[in-house]
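Protein chains in written order, with the numbering used here: chain W, 6 to 622; chain V, 2 to 152; chain S, 951 to 1208.
No lab work stands behind these hints, which were simulated from the structure alone.
Be aware that a few hints might be false.
Once the Cα atoms are required to be at most 20 angstroms apart in a straight line, the calculated EDC-like pairs of lysine to aspartate or glutamate come out as [as the list claims (entries may be wrong)]: (1) Lys-1039(S) - Asp-510(W); (2) Lys-135(V) - Asp-510(W); (3) Lys-545(W) - Asp-572(W); (4) Lys-55(V) - Glu-965(S); (5) Lys-1039(S) - Asp-509(W); (6) Lys-513(W) - Glu-990(S); (7) Lys-330(W) - Asp-1117(S); (8) Lys-147(W) - Asp-341(W); (9) Lys-55(V) - Glu-1066(S); (10) Lys-318(W) - Glu-97(V); (11) Lys-55(V) - Asp-1089(S); (12) Lys-55(V) - Glu-1138(S); (13) Lys-496(W) - Asp-1117(S); (14) Lys-318(W) - Glu-11(V); (15) Lys-1033(S) - Glu-323(W); (16) Lys-1039(S) - Asp-519(W); (17) Lys-47(V) - Glu-323(W); (18) Lys-531(W) - Glu-1113(S).
Just the calculated beta-carbon pair ranges, DEER-fashion [claimed, not checked]: (19) Pro-29(W) - His-16(V): 17 to 23 angstroms; (20) Tyr-331(W) - His-16(V): 30 to 36 angstroms; (21) Glu-569(W) - Ile-1106(S): 42 to 48 angstroms; (22) Glu-569(W) - Lys-141(V): 21 to 27 angstroms; (23) Gln-962(S) - Glu-40(V): 38 to 44 angstroms; (24) Lys-171(W) - Ile-960(S): 22 to 28 angstroms; (25) Ser-433(W) - Glu-964(S): 30 to 36 angstroms; (26) His-16(V) - Lys-516(W): 35 to 41 angstroms; (27) Asn-602(W) - Lys-47(V): 38 to 44 angstroms.
Derived list of chain W stretches under chain S, where covered just means 3 residues or more per stretch with a C-beta under 8 angstroms from a C-beta of chain S [stated by the list, open to error]: (28) 211-218; (29) 291-304.
All C-beta atoms in this analysis are idealised placements derived from N, C-alpha and C, irrespective of residue type, glycine included.
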Amino acid sequence: MQIANPKQLNKIRKEYLAKQDQYPKKIMVCCGTGCIANGALKLVDAFRDILKKRKIKGFTVEALKETGCHGFCEQGPLVVIEPDGTFYSKVKAKDVEDIVEKSIKKDEIIEKLLFTDPVDKKKITKYNDISFFKYQKRIALKNLGKISAHSIDEYIAYGGYQALAKVLSKMSQDEVIQEITKSGLRGRGGGGFSTGRKWKICKDIKAEAHYVICNGDEGDPGAFMDRSIMEGDPHAVLEGMMIAAYAIGAKQGYIYVREEYPLAVTHLEKAINDCENLGLLGDNILKTGFSFSIKIARGAGAFVCGESSALMKSVAGEVGEPRAKYIRSVVKGLYDQPTVLNNVETLVNVPIIIDKGADWYKKLGTPKSSGTKVFSLVGKVRNTGLIEVPMGITLREIIYDIGGGIIDNRPFKAVQTGGPSGGCLPESQLDLPVDFDTLTEVGAMMGSGGMIVMDDRTCMVDVAKYFLEFLVSESCGKCVPCREGLFQLLKLATKICEGRGEEDDLEKIEKLSDNIILSSLCGLGKSGPNPIMSTLRYFKDEYITHIKDKKCPAGVCRDLITYEILDNCTGCTACKPVCPVNAITGNKKELHVIDQNLCTQCGACFAVCNFDAILVS
Amino acid sequence: MNHNFDKLHEIFDRHPKTQESLIAVLQDIQKEYQYLPSEALTETSKVLDIPLSKVFSVSTFYNSFSLNERGETVIKVCTGTACHIRGAKLIKDQIESLLNLKSGETSKDKKFTLEEVACVGACAMAPVVITNDKYHGSVKVSNVKKLLKAK
Amino acid sequence: MINITINGRIVQAEEGEYLLSVLKREKIDVPALCHHDAVEPYGGCRLCTVEITKKEWNGWSDYVTSCLYPVEKGLIVSTHSTKVNEIRKTILDLYVARHPNSPEIKELAEQYGVFETTFETIADGDNCTLCGICTRICDEMGFHAISLVGRGHGKIVAPPLNEAPPDCTGCLSCALNCPTNFIKFKDEGDYRTIWGKKFELITCSQCGKKTITKEFAQYLSDNRDIPYEYFEICDECHRKQTALEMGKIANWTREEQS
């Protein structure tokens, strides 16, 4: 059945909502990659089993929703009971029976499944009262955790494709572009370019074809915003693309999805299929003459393919080597045709802006960075996960109010933002607002939204070395400054970590970095030195300690530390079997000893000791 | 290594025979045979009408493709930033010593392959290890052994 | 035609043409290791980097590779500014670290004052600078026999599957254009070996010298509308033949005239 006009969309909406009204309670089971890893599908099976065996008044399998990622992955599997908002965390399959008996049939709360606030240790019942969720403003993530990730009917029921209908029946291409430009929407992948301006430049070029590509590569390690959106709200991505395609005059679109996101690919494929069946993709959509199709192009494991020109080569089935962008891809992109490449998060903001208006959107965030941003808050913070907040919020508010502060109350050391192109900021910078421009001024960048919190047990030289290792292995190898330059930067960082650092190494690093930034071919090389430069800027003392004193204050660099077992060792023998080189000797209930000649300082013993009996120095 | 290459033509028929399909075709081939056999690359070059040198370039450029046979269980340790901060290197070291394998290698009995992967997007559950498409989160040194035994 | 300024001098150029071709025309020498006029520019070595600015940029400069930069009206170019020289020096420093045994790299580096590397020398560094000229020329010739394989620091030029390349005809375009003479081939007796593949050489039916490979001759004959027999005579003998024919014609003409 193909939808012929917006009225029919409304019909589907009303019919679906009417059907759902029969169910006073709905169960949302989070089925994002994280919760699935923790057994969420077993929960779904358990619910389905019970429903097969018994009849429960006001509850059938229609009221059981497999939703997208709530973003609170460490607490999963998550179950939310709507409309109350009762929030159960770390649910196991054996708890399902209880949930049905107590919380569905009756209105009882199961205390042991409630989330405990890590700061004040109180149990919290409702989703909206948890500080992790309380301070969020979920716009791009509005459907995640609220609707089934596989149902086009549900997407339509909760307002989906209304924006598309409005655009196709009431707005001209230029009007759409003006509205998006007015909203101030800027590229959420990190580039921060005005989305509306990009569309305008592309539309104005006369060419055989125009293309829309959704950048779902999300290569920054530590970032999973786009994964959650593609998995949990695939239709929002499609709707954003459709509107972009209409605006620029494209007939063909591609979604480039990272190889490491198989669930996102499956959900997007189903969504595309459902749209084609309903006539929302294909020829003559909603009988308005607008035709548009979407293909999925999968990445195959290359961070550099997040760069626009490399991505387009990859879509075309070639090696993902970037090209000089003196002629931008919006002018000459895929197959040399004008192409708009937008990030996933940018695209899902589009239908919302069309629905609610640019003026509404501009009220959020800051004048130059309107709207909200999704961040992946991970690392040594208590509440790790995905959050969406208005632009302009400070780093401190994110890390402490939402993140609940540092695990084990350890001292905060740094927050890394912007992935391998970004930088590390220390405590003194925590009151800075997060937006497109402020962090760049201090040597970091907001980037795509990855935010990794580090405590005093993180060595900043090791962090710089880590990012350089990553970039060296991901460099495409075409240009010398990146291929050879980052390689030599890595050698210098490694030298320092291994205790072979020399006096003039820091100056060498700065000079080389400067030249790599100026002469690299693409963004990977140009921003490659950022992590080492920002750690040098704010943590120079740590570098000097490594070089002059041959010490690693954080206790990380293996060549500069030793592990010793202290007198309070209880002889529990937990450490012996995990030592990869069998360096620990000792009988049960006796003091254990590490043979320093064999020890490789890997830290496995330290990780398993429950008695704080191992000293790192 | 002898393989049943009948499947190959089935794979080719799933896609338009153009350069644009190359990566998708190679991914399907890898899914079928667990790696990219040379004969498969030669056939791909013929059927898609792409020079063999270009097919080879693509197969060697992208991380996910393996030109060597891999083990029954492919263990991927995520070495993304969040996982690194939460001790991924230690987990990798433990696995390396338990299986007597270095990252990138396959065991002689073809039971295990150990690989590193840049980031799988499960960062809030760092550190993450994937065994043949099964995700394990919040992996600790103490449960690595159990993880390797589970299927 | 538009006006641009290069090193303080106003120069004319076609709008959109690559800056490097303008520099060459104006006899301004800028190193460009990965550049070859027979193929599209690559932008890999970054040695042809120049500093550019425009009046409306208010003193801000950008650094671009001239081989790929399309010129526009009002462009102000500086090919040897302090910053540009520093960039070139750093790149050459990196090259010397990677290719410690290449005389061509050594000579180029010394022109910019780099006599030894300040970085860690890569002990087993070979002389392939990954300029890609060989692969691009092979593509241009239509053979696509070799390509850049792998990624990043471990990238190499190699035949597919690391075996004798099925599409190679032994034409030597790659070896003869390699800026560091890295690609080796051996002509011995009736045979030529390159990339691990053995080819039979054609013997000139007139003088007995070896000419080109049979495979290359076959390719040219199939694709350039030249009969195969043409290649069974070497260039020198062709010229001798032509000279003889020209001489005969000259004689006839003289005879006719007299």
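> Which of the numbered hints above does this structure break?
Replying inline: 2, 3, 4, 6, 7, 8, 9, 10, 12, 13, 14, 15, 18, 19, 23, 24, 25, 26, 27, 28 and 29
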